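Those protein sequence lines, which keep their order, are chains H and S.
Throughout the first sequence, residue numbering follows my numbering, covering 28 to 318 in sequence.
Throughout the second sequence, residue numbering follows my numbering, covering 22 to 340 in sequence.
These are computed hints drawn from the structure, not numbers from a lab.
Here the structure is a predicted model, which means the values were calculated and not measured.
Please note: incorrect hints may appear among the correct ones.
Straight line, CA to CA, 27 Å or less: simulated DSSO-like cross-link-like pairs of lysine-lysine [what the hints assert, rightly or not]:
(1) H:116 - S:217
(2) S:217 - S:297
(3) S:207 - S:217
(4) H:207 - H:115
(5) S:207 - H:116
(6) H:115 - S:207
(7) H:116 - H:207
(8) H:189 - H:207
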Amino acid sequence: MIDLIAQSLFSGLLSGAYYALIALGLALVFGTMRVINLAHGELVLLGAYVSYTAEERLGLDPLASLPLALMVVIAANMVVYYLISLIKKDRELNSLILTFGIGVILTNAMLMIWSADIHSATTPWYHDAVILFDTLFAMQAELVFAGAGVVLVGAVWWWLEKTWYGRALRAVASNRDAAKLMGVDPRLTEILSFAVAGLLATVSGLALYTAKVIQPSLGHNLTVKAFIITVLAGIGSVPGVLLGAVLLGVVESLTVTIASSALQELAGMVLFLVVLLLMPSGLFGRAKRRG
Amino acid sequence: MTNAIKLAIFLVLAYGAVPLALGGNPYVIGLIVASLTIGGISVAWALLGNLGGMVSFGHAAFFGVGAYVSALLTMRAGWPVFPAMLAAGVGAAIASVATMPALRLRGPYFALAILAYAEIFRILATELKSVTGGAAGLLSIPRLPMVLGIDFGSKLGGYFVILTIVLLAMTGYQLIRRSPYGLALKAMHDSEDATKVVGVNSTMLKAWMLMVSAFITGVVGAFNAHYINFLEPDYAFAGLWTTLAIVSAIFGGYRTVTGPLLGAVVVYLVDQLLFKAILPQGHQIVLGVLLGAMILFSPGGLMPLLVAKFTRKEASHAA
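Chain H with its partners taken away, still in its complex shape (with noise of 0.2 Å):
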């Protein structure tokens, strides 16, 4: 029983580390522009869809399929932006419908192009098993991306913490207009985070098509997943998204482990429901009134 347990904790950590990699993008433009981008699942699939066909037509790893998916995702995520930046009246509540919108597009054009068929990737070495400390196993490819996850996530850290544009994009977040007035270009931030966002959307792609399974319908639960983490993260805390995505992987884990399967979802929606009521400025937000 102690083994399962630290298996599935472990498993935990590592699901949460990939979790942060798709939450981090929605955080980072909800962050930015206050706007909850409902797309952001479908375009971490569409990446995942990407190195699919790279893999199946050119029969590149999927890692060498990164730069191509990195254009194809950071291109729609700009259409994405423009939409929205189209908006002027009640811009929070009709971005949400639009990328809702934009989120049944995309489910089903990537449904037209690759059917709805199961896919994972087909290079072995993904798949291969890890043994650490005896007991505790993984897949390569897990281990893979909870690494860049993690980086990843440091890496956004930092540069929104240290560097000139890091600085500028808090600064819109906080008053665009008093941003303005210090020289920061709006516009050119809030495009600089729909891009960052999109590069994190992509290499979760990859994470999702070489660790899981790729399917067209799958887009939507990762937002919702991506919502929750935001949710128990609070706005405005990179290190809370992380925190958040390995409570959420490991609450989830030990669900499947100690319960059952079919409850694993329920755990991650109960989780985030007790959150939102009790806590409404998340686990690590700093204070500040909802809505």
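Chain S: place on chain H using the hints.
Only chain S this time, still in chain H's reference frame:
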């Protein structure tokens, strides 16, 4: 033309002309029934959105709860179908009480919290196998009965039932809107804080709107269960119920009483008759395109757009 005459013409068309013209074509009547079912959810969604100022992404929760309550009451407790459908509305309203802590949240948080509830209800319906039959679902749910020689279990009978449900829902919506509560809700939309200051219990009003919306959605869900005689969690709580209702309401204009129904009929029929034929797989892409286009170009829906066109024409004629 006065409104009373317009209403009379509409009623004659809906209860007389449509069934006479299309009654012999079960396929088309079936499509119309489905579009009215979505229209019912859409009216309920728009009521919450317009009067309560809350966008919900989880109306499938109330639809599913209503469907299961009615199906179980008739199958396990031997209730007659119509009372069970009313009880289903009450059941959905009670389920909405469970979602009320989410009323503290605003905007996107509320929208997605309701989505979480819908997911939780779906998983519960799947897991509570002894009550709901689990993922295998419920088969042979009683059909709508024969009353006064009219077989409501037929396609055409179903049409009359859902049409009446939707029209009653719209009447209720209109009555609320005209009442003092409607005024308070409208004021709340402009400034919630100011409305609170003059003594309106805004949270209470929002809670009522949520319950009314859930009630309507629940009755529609119950109708659907008895109409198709089959239920499973993934179907009853499918996100598509919410998506279609939102697209219809936004398309028809969610700030009007008639818009959501009109939107549902147009969107669903065009989708099924035209786009499903052109794009057998992924035809719902059209729903997303419609939703995006409406939000960007005419957030008030199609009706204001047409009305604006007409009034401009009339004005130029007068000049």
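Results of checking the hints against the structure:
1. In summary, the hint linking residue 116 of chain H to residue 217 of chain S is supported, as the alpha carbons are separated by about 24 Å, within the 27 Å threshold.
2. Simply put, residue 217 of chain S and residue 297 of chain S have alpha-carbon atoms about 48 Å apart, too far for the 27 Å limit, and the pair is violated.
3. For the proposed pair residue 207 of chain S and residue 217 of chain S, the alpha carbon gap of about 13 Å is at most 27 Å, so the pair holds.
4. The hinted pair formed by residue 207 of chain H and residue 115 of chain H meets the criterion: a straight-line CA distance of about 18 Å does not exceed 27 Å.
5. Proximity of residue 207 of chain S to residue 116 of chain H is assessed by CA-CA distance (about 18 Å); at most 27 Å being required, the pair is judged to hold.
6. The hinted pair formed by residue 115 of chain H and residue 207 of chain S meets the criterion: a straight-line CA distance of about 22 Å does not exceed 27 Å.
7. A C-alpha spacing of about 20 Å is found between residue 116 of chain H and residue 207 of chain H, which places the hinted pair at or below 27 Å, so the restraint holds.
8. Our distance criterion of 27 Å between C-alpha atoms is met by residue 189 of chain H and residue 207 of chain H, whose separation comes to about 20 Å.
Of the numbered hints stated above, the single one contradicted by the structure is hint 2.
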